[in-house]
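**Student:** Read top to bottom, the protein sequences are chains A and B. Using this note's numbering, you'd call the opening residue of the first sequence number 1 and step up by one each time. Using this note's numbering, you'd call the opening residue of the second sequence number 1 and step up by one each time.
Source of the hints: derived by calculation from the structure; they are not laboratory data. Backbone N, C-alpha and C fix where the C-beta goes; we use that ideal spot for every residue, glycine too.
Dumping the calculated SDA-like pairs for lysine to any residue here, alpha-carbon to alpha-carbon at most 20 Å:
| # | chain 1 | residue 1 | chain 2 | residue 2 |
| --- | --- | --- | --- | --- |
| 1 | A | 56 | B | 215 |
| 2 | B | 182 | B | 206 |
| 3 | A | 56 | B | 213 |
| 4 | B | 237 | A | 141 |
| 5 | A | 56 | B | 218 |
| 6 | A | 56 | B | 217 |
| 7 | A | 56 | B | 227 |
| 8 | B | 176 | A | 95 |
| 9 | A | 56 | B | 219 |
| 10 | B | 237 | A | 124 |
| 11 | B | 176 | A | 147 |
| 12 | B | 237 | A | 117 |
Residues from chain A shown here face chain B by an in silico Cβ test under 10 Å; the list is partial:
| # | residue |
| --- | --- |
| 13 | 87 |
| 14 | 95 |
| 15 | 101 |
| 16 | 107 |
| 17 | 118 |
| 18 | 119 |
| 19 | 124 |
| 20 | 127 |
| 21 | 143 |
| 22 | 156 |
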Amino acid sequence: MSTQPIITARDVTFYYFEEADNRQLLALKGVSLEIERGSFVAVLGHNGSGKSTLAKHFNAILLPTEGTVEVEGIDTREEERIYDIRQRVGMVFQNPDNQLVATIVEEDVAFACENLGVPPDEIRRRVDEALKAVGMYELRDRSPHQLSGGQKQRVAIAGIIAMMPDCIVLDEPTAMLDPRGREEVMRTIRQLQEEFGITIVLITHYMDEAARADRVVVMDDGRIALDGTPKEVFRHVGLLKRIGLDVPQTTDLVHQLVAAGLELPDDILSEQECIDALLSLMEE
Amino acid sequence: MLKDITLGQYFPGNSAIHRMDPRMKIILTLVYIAMLFAVSNPLGLPVAFAVPLAAFLIARIPLGMALKTLKPMIPIVLFTAVLNMFFVDGVVLWQWSFFRITVDGLYFAGMMATRILLLVLGTALLTYTTSPISLTDGIERLLSPLKRIHFPAHELAMMMTIALRFIPTLIEETDKIMSAQKARGADLESGGLIERAKALIPILIPLFVSAFRRAEELALAMECRCYRGGEGRTRMKQLHLGPVDWISAAVMAAGLAAILLINLFVPSVI
Numbered sequence: 001m002s003t004q005p006i007i008t009a010r011d012v013t014f015y016y017f018e019e020a021d022n023r024q025l026l027a028l029k030g031v032s033l034e035i036e037r038g039s040f041v042a043v044l045g046h047n048g049s050g051k052s053t054l055a056k057h058f059n060a061i062l063l064p065t066e067g068t069v070e071v072e073g074i075d076t077r078e079e080e081r082i083y084d085i086r087q088r089v090g091m092v093f094q095n096p097d098n099q100l101v102a103t104i105v106e107e108d109v110a111f112a113c114e115n116l117g118v119p120p121d122e123i124r125r126r127v128d129e130a131l132k133a134v135g136m137y138e139l140r141d142r143s144p145h146q147l148s149g150g151q152k153q154r155v156a157i158a159g160i161i162a163m164m165p166d167c168i169v170l171d172e173p174t175a176m177l178d179p180r181g182r183e184e185v186m187r188t189i190r191q192l193q194e195e196f197g198i199t200i201v202l203i204t205h206y207m208d209e210a211a212r213a214d215r216v217v218v219m220d221d222g223r224i225a226l227d228g229t230p231k232e233v234f235r236h237v238g239l240l241k242r243i244g245l246d247v248p249q250t251t252d253l254v255h256q257l258v259a260a261g262l263e264l265p266d267d268i269l270s271e272q273e274c275i276d277a278l279l280s281l282m283e284e
Numbered sequence: 001m002l003k004d005i006t007l008g009q010y011f012p013g014n015s016a017i018h019r020m021d022p023r024m025k026i027i028l029t030l031v032y033i034a035m036l037f038a039v040s041n042p043l044g045l046p047v048a049f050a051v052p053l054a055a056f057l058i059a060r061i062p063l064g065m066a067l068k069t070l071k072p073m074i075p076i077v078l079f080t081a082v083l084n085m086f087f088v089d090g091v092v093l094w095q096w097s098f099f100r101i102t103v104d105g106l107y108f109a110g111m112m113a114t115r116i117l118l119l120v121l122g123t124a125l126l127t128y129t130t131s132p133i134s135l136t137d138g139i140e141r142l143l144s145p146l147k148r149i150h151f152p153a154h155e156l157a158m159m160m161t162i163a164l165r166f167i168p169t170l171i172e173e174t175d176k177i178m179s180a181q182k183a184r185g186a187d188l189e190s191g192g193l194i195e196r197a198k199a200l201i202p203i204l205i206p207l208f209v210s211a212f213r214r215a216e217e218l219a220l221a222m223e224c225r226c227y228r229g230g231e232g233r234t235r236m237k238q239l240h241l242g243p244v245d246w247i248s249a250a251v252m253a254a255g256l257a258a259i260l261l262i263n264l265f266v267p268s269v270i
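Just chain A, same shape as in the assembly:
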């Protein structure tokens, strides 16, 4: 069981129907992807690359026009099991304001459990645990509008954890946050994966966030352009730039230095690695 991928997409094709000019738009063009249980996968791509569309297939918000998506062996087209799927794969969106339902933090975290018909005592226990996991337990009595963006987003994440999902899909969760909020959210995500073994799928267009994942999938024009560890993916500086993505600054610097004739390894990601490599080069 543990070797079975948590999410399997096979040849997924998806058409958007554009009502304005009455034509179909091909958003996904035969995407096949397996998400390993317990992994941290970043999906990168510029706007319109199909990354959000793909994410919405993971919990049956969208169903593939062609191909199949399976969540723990359940086909997302099985309508009667839709809530089984959504309980297993939770989703966090970009705007923290537009996903909180209740006027009190802990009530909001309880929302999903209440919908699932969990007994009251059990909800209380799960809500407290979820709030502690994201470090928001002390602020449980507040009203959402008294919180910062990062805090709101952590409440939204807590609301998902309370469902006890196996996987959380986050669709650009940091795009509307300030640097501090971004860091809070990224730390929370990483911690959930490491301590609770929750599979993370992070949709993003920030390179530095993607670099912190175990695996990076780059989407372009409805297809998977690159797939591998951050080091493997960011080595393709030319391709990434061609499809409109940046690479982390260190990678860019090393790439240019190599192009200028210096001998440096081409899989440098962190600043420390970069400094070390440059120092050893200077010593030579």
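Given chain A's structure and the hints, the job is docking chain B onto it.
**Tutor:** Chain B in isolation, oriented as in the chain A frame:
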């Protein structure tokens, strides 16, 4: 500047009244309103007055605040009083042309004014001591027996909750849009009534567009959290009727009984 608007009139506290079950508070408020209109003898008024006074004291709500809620009611109270004063038949005290004041008129005017003031005070007490969320909760649970006749009790409560949740968000947004429009030279403060109403259009349109977008996103987020209406839903917080609730109910019942007895056995003044 819009941020200063306080929502509802909730006055946070931790008194026995604050901790009462919202269902009991709603019911007792309704009983109190019925009681006010049952009072037909002035001797009953002290009883009707004692109930909210005691509750205000227990809830430790400053009396100034209570009086503040009465202020906007004064014109209405005066209007009803005057109406009663001039148009009730009875022993004439004073007459000029077709205006006349009767003893009965004065009596009814006084009774009516007191009733309205007490009514406002009694209902204000409910909103002072009950947060909007528990008020919503109480309404949902009181109305839930009506679900059997397909009354959308859960949906109603959900709508109220979402409205309460988004009011501060939308106020903030209105503030932003106003600043943005002012920065582009919109004039919101001068001109006549019609001009100023027209100036609001460039604020309302973006506000509505964004509200619809928010609604769509919220619906999606709710679906992702397995929302499927009220059926099969549980609640984290359960409401319990405690000793305080039953004592309050008993006090209210005693008050009501006292008023009915006074009505029955004390001869009417007029």
